[in-house]
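K.L.:
This is what each chain is made of:
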Amino acid sequence: AQSVTQPDIHITVSEGASLELRCNYSYGATPYLFWYVQSPGQGLQLLLKYFSGDTLVQGIKGFEAEFKRSQSSFNLRKPSVHWSDAAEYFCAVGAGKTSYDKVIFGPGTSLSVIP
Amino acid sequence: GAGVSQSPSNKVTEKGKDVELRCDPISGHTALYWYRQRLGQGLEFLIYFQGNSAPDKSGLPSDRFSAERTGESVSTLTIQRTQQEDSAVYLCASSLVGRVDEKLFFGSGTQLSVL
Numbered sequence: 002a003q004s005v006t007q008p009d010i011h012i013t014v015s016e017g018a019s020l021e022l023r024c025n026y027s028y029g030a031t032p033y034l035f036w037y038v039q040s041p042g043q044g045l046q047l048l049l050k051y052f053s054g055d056t057l058v059q060g061i062k063g064f065e066a067e068f069k070r071s072q073s074s075f076n077l078r079k080p081s082v083h084w085s086d087a088a089e090y091f092c093a094v095g096a097g098k099t100s101y102d103k104v105i106f107g108p109g110t111s112l113s114v115i116p
Numbered sequence: 401g402a403g404v405s406q407s408p409s410n411k412v413t414e415k416g417k418d419v420e421l422r423c424d425p426i427s428g429h430t431a432l433y434w435y436r437q438r439l440g441q442g443l444e445f446l447i448y449f450q451g452n453s454a455p456d457k458s459g460l461p462s463d464r465f466s467a468e469r470t471g472e473s474v475s476t477l478t479i480q481r482t483q484q485e486d487s488a489v490y491l492c493a494s495s496l497v498g499r500v501d502e503k504l505f506f507g508s509g510t511q512l513s514v515l
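For the protein sequence lines, the chains are L and E, in the order given. If you count the first sequence from 1, you need to add 1 to reach my numbering. If you count the second sequence from 1, you need to add 400 to reach my numbering.
Treat the hints as calculated values from the structure; they're not laboratory data. Incorrect hints may appear among the rest.
Below 20 Å or equal to it, Euclidean Cα-Cα: the simulated SDA-like pairs (lysine to any residue) are [stated by the list, open to error]:
no., chain 1, residue 1, chain 2, residue 2
1, E, Lys457, L, Gln46
2, L, Lys69, L, Asn25
3, E, Lys457, L, Lys69
4, L, Lys50, E, Asp501
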């Protein structure tokens, strides 16, 4: 069965600094990969997704993520963090042999931004 | 409606009581998911409905948990004989047909507190 790990429970960065959030997955084939963000008091919002093709995907709010099959990773990056990026970030994987399947979420990484 | 609607937004109950949580998915969405999010933790998959197929109940933590869905509309998650460890935010999400390359639309959740 597929699974997702996010090694960092909590990360603190200064505003304007670069950011990388780690995500590792376990699955036998090429998975579908997602990053979601959950801001305080708001619902989950999709940042970006990867299904095939270019392994570097661009998302909303200036985020990008790179799929690395050899490392089973899908790390999220942003070159310059803004205070409004403080939130909970979830990596997720969707997999299965049919078109219909569930999405499994990682435990999340909490991001704090220092002004 | 325009989005996924969940009710109630907050529910406080006493240990041992039964509770029902409701989810109205986006009209036309055939796939519906329930997740649980304990304080400071990630999303935990509970159950998945897709059209008329048998639901995937593999994430339900115990036989105290059950869920139903009326056709391709409203879903109800029922927790019997609630325990303090059931305290969490219960999130509902829907997508058009349940394909993994679709976006999941989340509701704002029901905050359940078991005293």
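K.L.:
All hints, please: hold or fail.
P.N.:
Tested hints:
Taking the CA atoms of Lys457(E) and Gln46(L), the gap is near 25 Å; set against the 20 Å cutoff, the hint is violated. Note on Lys69(L) and Asn25(L): the hinted pairing holds, with a Cα-Cα distance of about 10 Å set against a maximum of 20 Å. Straight-line distance between C-alpha atoms of Lys457(E) and Lys69(L) comes to about 32 Å, which puts the hinted pair past the 20 Å bound. With a CA separation close to 8 Å, the supplied pair Lys50(L) and Asp501(E) stays within the 20 Å bound.
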